[in-house]
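Number of protein chains: 2
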Amino acid sequence: MEEHQHVRKGVMAAHDGMIAPPRKMFRKKKSVLPDLNVMVNGIVKGSVKELAKAITFIESNADDHYKYGQDLLQKLLPYTGNAIRIGITGVPGAGKSTFIESFGMRLCDAGHRVAVLTIDPSSSISGGSILGDKTRMEQLAKHPNAFIRPSPSGGTLGGVHRKTRETLALCEAAGFDVILIETVGVGQSEFIVRSMVDFFMLLALTGAGDELQGMKKGIMEMVDAVVVNKADGTNKSLAEKTKREYNQILHFLQPATKGWESKAYTCSALKNEGIDTIWTMMKEFRDVTEKSGVLIERRRYQTKEWLHTLIMEKLKNHFYRHPYVKEQIGQLEQDAMNGDIPPSQAAEQLFKQVYGTE
Amino acid sequence: MEEHQHVRKGVMAAHDGMIAPPRKMFRKKKSVLPDLNVMVNGIVKGSVKELAKAITFIESNADDHYKYGQDLLQKLLPYTGNAIRIGITGVPGAGKSTFIESFGMRLCDAGHRVAVLTIDPSSSISGGSILGDKTRMEQLAKHPNAFIRPSPSGGTLGGVHRKTRETLALCEAAGFDVILIETVGVGQSEFIVRSMVDFFMLLALTGAGDELQGMKKGIMEMVDAVVVNKADGTNKSLAEKTKREYNQILHFLQPATKGWESKAYTCSALKNEGIDTIWTMMKEFRDVTEKSGVLIERRRYQTKEWLHTLIMEKLKNHFYRHPYVKEQIGQLEQDAMNGDIPPSQAAEQLFKQVYGTE
Numbered sequence: 001m002e003e004h005q006h007v008r009k010g011v012m013a014a015h016d017g018m019i020a021p022p023r024k025m026f027r028k029k030k031s032v033l034p035d036l037n038v039m040v041n042g043i044v045k046g047s048v049k050e051l052a053k054a055i056t057f058i059e060s061n062a063d064d065h066y067k068y069g070q071d072l073l074q075k076l077l078p079y080t081g082n083a084i085r086i087g088i089t090g091v092p093g094a095g096k097s098t099f100i101e102s103f104g105m106r107l108c109d110a111g112h113r114v115a116v117l118t119i120d121p122s123s124s125i126s127g128g129s130i131l132g133d134k135t136r137m138e139q140l141a142k143h144p145n146a147f148i149r150p151s152p153s154g155g156t157l158g159g160v161h162r163k164t165r166e167t168l169a170l171c172e173a174a175g176f177d178v179i180l181i182e183t184v185g186v187g188q189s190e191f192i193v194r195s196m197v198d199f200f201m202l203l204a205l206t207g208a209g210d211e212l213q214g215m216k217k218g219i220m221e222m223v224d225a226v227v228v229n230k231a232d233g234t235n236k237s238l239a240e241k242t243k244r245e246y247n248q249i250l251h252f253l254q255p256a257t258k259g260w261e262s263k264a265y266t267c268s269a270l271k272n273e274g275i276d277t278i279w280t281m282m283k284e285f286r287d288v289t290e291k292s293g294v295l296i297e298r299r300r301y302q303t304k305e306w307l308h309t310l311i312m313e314k315l316k317n318h319f320y321r322h323p324y325v326k327e328q329i330g331q332l333e334q335d336a337m338n339g340d341i342p343p344s345q346a347a348e349q350l351f352k353q354v355y356g357t358e
Numbered sequence: 001m002e003e004h005q006h007v008r009k010g011v012m013a014a015h016d017g018m019i020a021p022p023r024k025m026f027r028k029k030k031s032v033l034p035d036l037n038v039m040v041n042g043i044v045k046g047s048v049k050e051l052a053k054a055i056t057f058i059e060s061n062a063d064d065h066y067k068y069g070q071d072l073l074q075k076l077l078p079y080t081g082n083a084i085r086i087g088i089t090g091v092p093g094a095g096k097s098t099f100i101e102s103f104g105m106r107l108c109d110a111g112h113r114v115a116v117l118t119i120d121p122s123s124s125i126s127g128g129s130i131l132g133d134k135t136r137m138e139q140l141a142k143h144p145n146a147f148i149r150p151s152p153s154g155g156t157l158g159g160v161h162r163k164t165r166e167t168l169a170l171c172e173a174a175g176f177d178v179i180l181i182e183t184v185g186v187g188q189s190e191f192i193v194r195s196m197v198d199f200f201m202l203l204a205l206t207g208a209g210d211e212l213q214g215m216k217k218g219i220m221e222m223v224d225a226v227v228v229n230k231a232d233g234t235n236k237s238l239a240e241k242t243k244r245e246y247n248q249i250l251h252f253l254q255p256a257t258k259g260w261e262s263k264a265y266t267c268s269a270l271k272n273e274g275i276d277t278i279w280t281m282m283k284e285f286r287d288v289t290e291k292s293g294v295l296i297e298r299r300r301y302q303t304k305e306w307l308h309t310l311i312m313e314k315l316k317n318h319f320y321r322h323p324y325v326k327e328q329i330g331q332l333e334q335d336a337m338n339g340d341i342p343p344s345q346a347a348e349q350l351f352k353q354v355y356g357t358e
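The listed protein sequences correspond, in order, to chains Z and W. Going by the numbering used here, the first residue of the first sequence is number 1, and it counts up by one from there. Going by the numbering used here, the first residue of the second sequence is number 1, and it counts up by one from there.
Derived by calculation from the structure, the hints in this document are not laboratory data. Accuracy of the hints is not assured; some may be wrong.
Which copy? The list can't say, so a pair holds if one copy fits it or any two copies do.
Said to hold, decoys possible - Each computed DSSO-like pair below joins lysine-lysine, with the alpha-carbon atoms no more than 30 Å apart:
#	residue 1	residue 2
1	Lys53	Lys352
2	Lys291	Lys316
3	Lys352	Lys75
4	Lys271	Lys45
5	Lys291	Lys142
6	Lys67	Lys352
7	Lys142	Lys271
8	Lys316	Lys67
9	Lys304	Lys67
10	Lys271	Lys304
11	Lys326	Lys75
No experiment lies behind these values; they were computed from the predicted model shown.
Generate the whole structure from the sequences, applying the supplied hints.
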């Protein structure tokens with residue numbers, strides 16, 4: 001394929017061979033960075049190889065790599081926005097991997113190009129997912145129309161957030177028209193995923209009551225659909241009952257998306273049953289929200305919120321990493337909690353030291 | 001009463017007469033501020049007059065008044081924490097004023113001292129509540145054991161938040177053992193009230209479904225009880241049905257307070273029916289959470305969160321009020337929303353200008 005030849009000819013070649021030079025030696029040299037236009041062209045033509053390389057720059061914590069990734073992103077922005085962005089959450093054991101494999105294969109076979117991203121805040125602590133995504137979705141990983149990228153590891157939650165968002169944009173520029181973002185349901189990952197997708201679904205197990213008890217607050221009010229998985233064999237009638245229970249709850253809640261009634265569905269990812277219905281529903285969601293203008297409004301709002309989230313992240317880092325704050329905050333928290341100092345005075349004391357003003 | 005004589009003798013006298021001097025003339029003079037120890041003693045002895053005066057300092061935007069209010073708060077902190085703090089929310093028309101009047105009268109008659117505060121973020125725009133709290137709760141306003149203070153007006157939402165929180169502390173220092181904080185349900189007021197009370201209740205009308213549709217997301221998951229009001233006359237059986245509906249929903253949700261099952265109740269504030277049951281339930285809540293340690297943990301957590309909320313408020317103000325940010329933010333938002341610039345670059349550009357670093 002043409003784009004692969006591009007890669008081989010370009011400066012990327014140095015990294016492809018088994019005897020690539022140690023990266024640190026070259027970190028400061030501009031020459032090691034691939035030509036920007038070559039990369040942009042490669043990605044726009046759909047080269048997975050160059051996409052993967054671009055993502056490593058986006059994910060890199062080295063200054064020059066990060067800067068290069070941002071330049072790339074800037075040039076690729078005009079090619080983004082054409083995919084349907086789908087977020088998938090669910091408790092562990094709900095069968096998210098099996099669902100994504102079944103759903104992804106169905107779409108890839110129909111000619112769609114599907115990118116699968118994961119947000120796993122715990123990977124910022126453990127340094128990586130416990131189970132590799134490619135082992136979890138064996139068939140899909142081999143499909144030429146699929147691209148699977150595990151959660152970025154290392155760094156802060158804010159960093160994981162940024163990297164996944166920017167990876168999504170790169171995937172769109174590379175022509176992937178369906179982006180699936182899976183959340184492992186740890187920490188604030190559902191809220192992060194909801195803030196970057198068009199459509200958000202909960203993959204559920206039978207027995208809504210018990211499951212909801214263990215679920216994070218507010219999840220049910222963020223979902224555009226609940227899909228009760230494992231609706232097969234002896235479990236089928238129970239799944240139908242659970243679907244009714246979820247519909248009952250959804251009926252009481254405000255819809256997550258204006259003009260769209262969130263409903264419950266059943267499927268069996270294992271038996272590939274009900275998958276088509278879900279895709280049809282998602283396409284309908286896209287049509288409805290595109291026509292009403294809700295989709296474009298949501299995306300614009302998400303971008304604006306994202307800008308302010310980034311600003312807040314930066315403000316927090318700037319403040320909480322200040323030596324005086326690091327030294328004093330613990331004691332001041334204790335003093336405030338013990339009722340020895342009003343919190344407003346504690347805040348003022350810190351602020352005065354850092355910014356020279358109250 | 002002794003504390004009132006204190007007031008008359010003190011420097012406060014200048015403000016009591018009809019011919020008080022214009023305040024601006026004296027704003028910079030320290031002499032106009034009442035003696036701190038006199039004020040502290042007055043409040044600790046339960047003087048409503050001095051409490052009200054102290055609150056005006058807490059609410060003042062003048063630097064020396066604010067500073068004086070903070071000094072007062074610092075000295076009064078050891079006397080705070082002894083009240084049960086109850087938050088009350090509900091859609092307009094649910095009968096919050098009638099409920100507070102009925103509930104408050106019941107407690108005042110039994111010897112409790114009840115302070116009623118209101119959080120109305122719209123008062124920061126309109127400059128005051130549309131309807132005075134004292135006209136809304138005519139009987140209670142006259143009761144010697146009651147103290148009613150409307151929402152602080154003017155200033156930012158953050159300001160309203162701080163003022164109400166500090167007013168709560170002053171009321172506790174003055175010996176009020178029941179603090180009722182009412183939210184008018186505008187903006188983020190429910191979340192603000194939830195963050196400063198022990199017990200949070202939703203006052204509801206009959207017809208749970210319709211009402212919940214119009215309610216803010218996440219409210220149901222914050223409440224320790226739902227009280228269906230207006231359970232009288234022909235409305236009684238419908239209220240019972242609504243109670244069952246709310247119980248059904250509450251059953252599906254995570255409890256707002258660890259170790260406490262949030263349930264629905266009915267009452268008629270107008271007919272004074274069911275009010276005792278609600279107070280008994282609240283006392284049980286207090287007993288249970290005191291014994292389990294959940295109450296003290298909640299309060300410590302609330303104080304810690306409050307410190308960080310104050311810090312974030314200050315950080316935001318410091319950044320967003322910077323001339324460069326004020327000038328550029330609108331255009332950068334537009335550029336980001338239009339896909340002309342990655343949000344991360346927009347954030348960096350602003351940050352570099354304000355703090356000289358990315």
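Please sort Lys316 with Lys67 into within, between, both or neither, judging by C-alpha distance up to 30 Å. both (22 Å within a copy, 26 Å between copies)
What label fits Lys271 with Lys45 when the C-alpha limit is 30 Å: within, between, both, or neither? Classified as neither: same-chain Cα gap 35 Å, cross-chain 74 Å, threshold 30 Å.
Treating 30 Å as the Cα threshold, decide for Lys352 and Lys75: within, between, both or neither. Between. Shortest inter-copy distance 22 Å satisfies the 30 Å Cα cut-off; intra-copy 41 Å does not.
Give the relationship of Lys53 and Lys352 under a CA distance limit of 30 Å: within one copy only, between copies only, both, or neither. For Lys53 and Lys352, the Cα distance is within 30 Å only across copies (28 Å; inside one copy 45 Å).
Same-copy or cross-copy closeness of Lys271 to Lys304 [CA-CA at most 30 Å]: Cα proximity of Lys271 and Lys304: none, with 41 Å in one copy and 50 Å across.
Pop the pair Lys291 and Lys142 into one bin, within, between, both or neither, using alpha-carbon distances up to 30 Å. neither (36 Å within a copy, 58 Å between copies)
Check Lys326 against Lys75 for me: Cα-Cα at most 30 Å, and say if that holds within a copy, between copies, both or neither. This pair counts as between: shortest inter-copy Cα distance 27 Å, intra-copy 39 Å.
Which holds for Lys67 with Lys352 at a C-alpha limit of 30 Å: within a copy, between copies, both or neither? between (33 Å within a copy, 15 Å between copies)
At 30 Å max between alpha carbons, let me know whether Lys291 reaches Lys316 within a copy, between copies, both or neither. Neither. Shortest intra-copy (39 Å) and inter-copy (36 Å) distances fail the 30 Å Cα cut-off.
How would you label the pair Lys142, Lys271 (within, between, both, or neither) given a Cα cut-off of 30 Å? within (20 Å within a copy, 71 Å between copies)
One pair to classify: Lys304 and Lys67, alpha carbons no more than 30 Å apart. Within, between, both, or neither? within (22 Å within a copy, 37 Å between copies)
When held up to the earlier numbered hints, the structure conflicts with 2, 4, 5 and 10 and fits the remainder.
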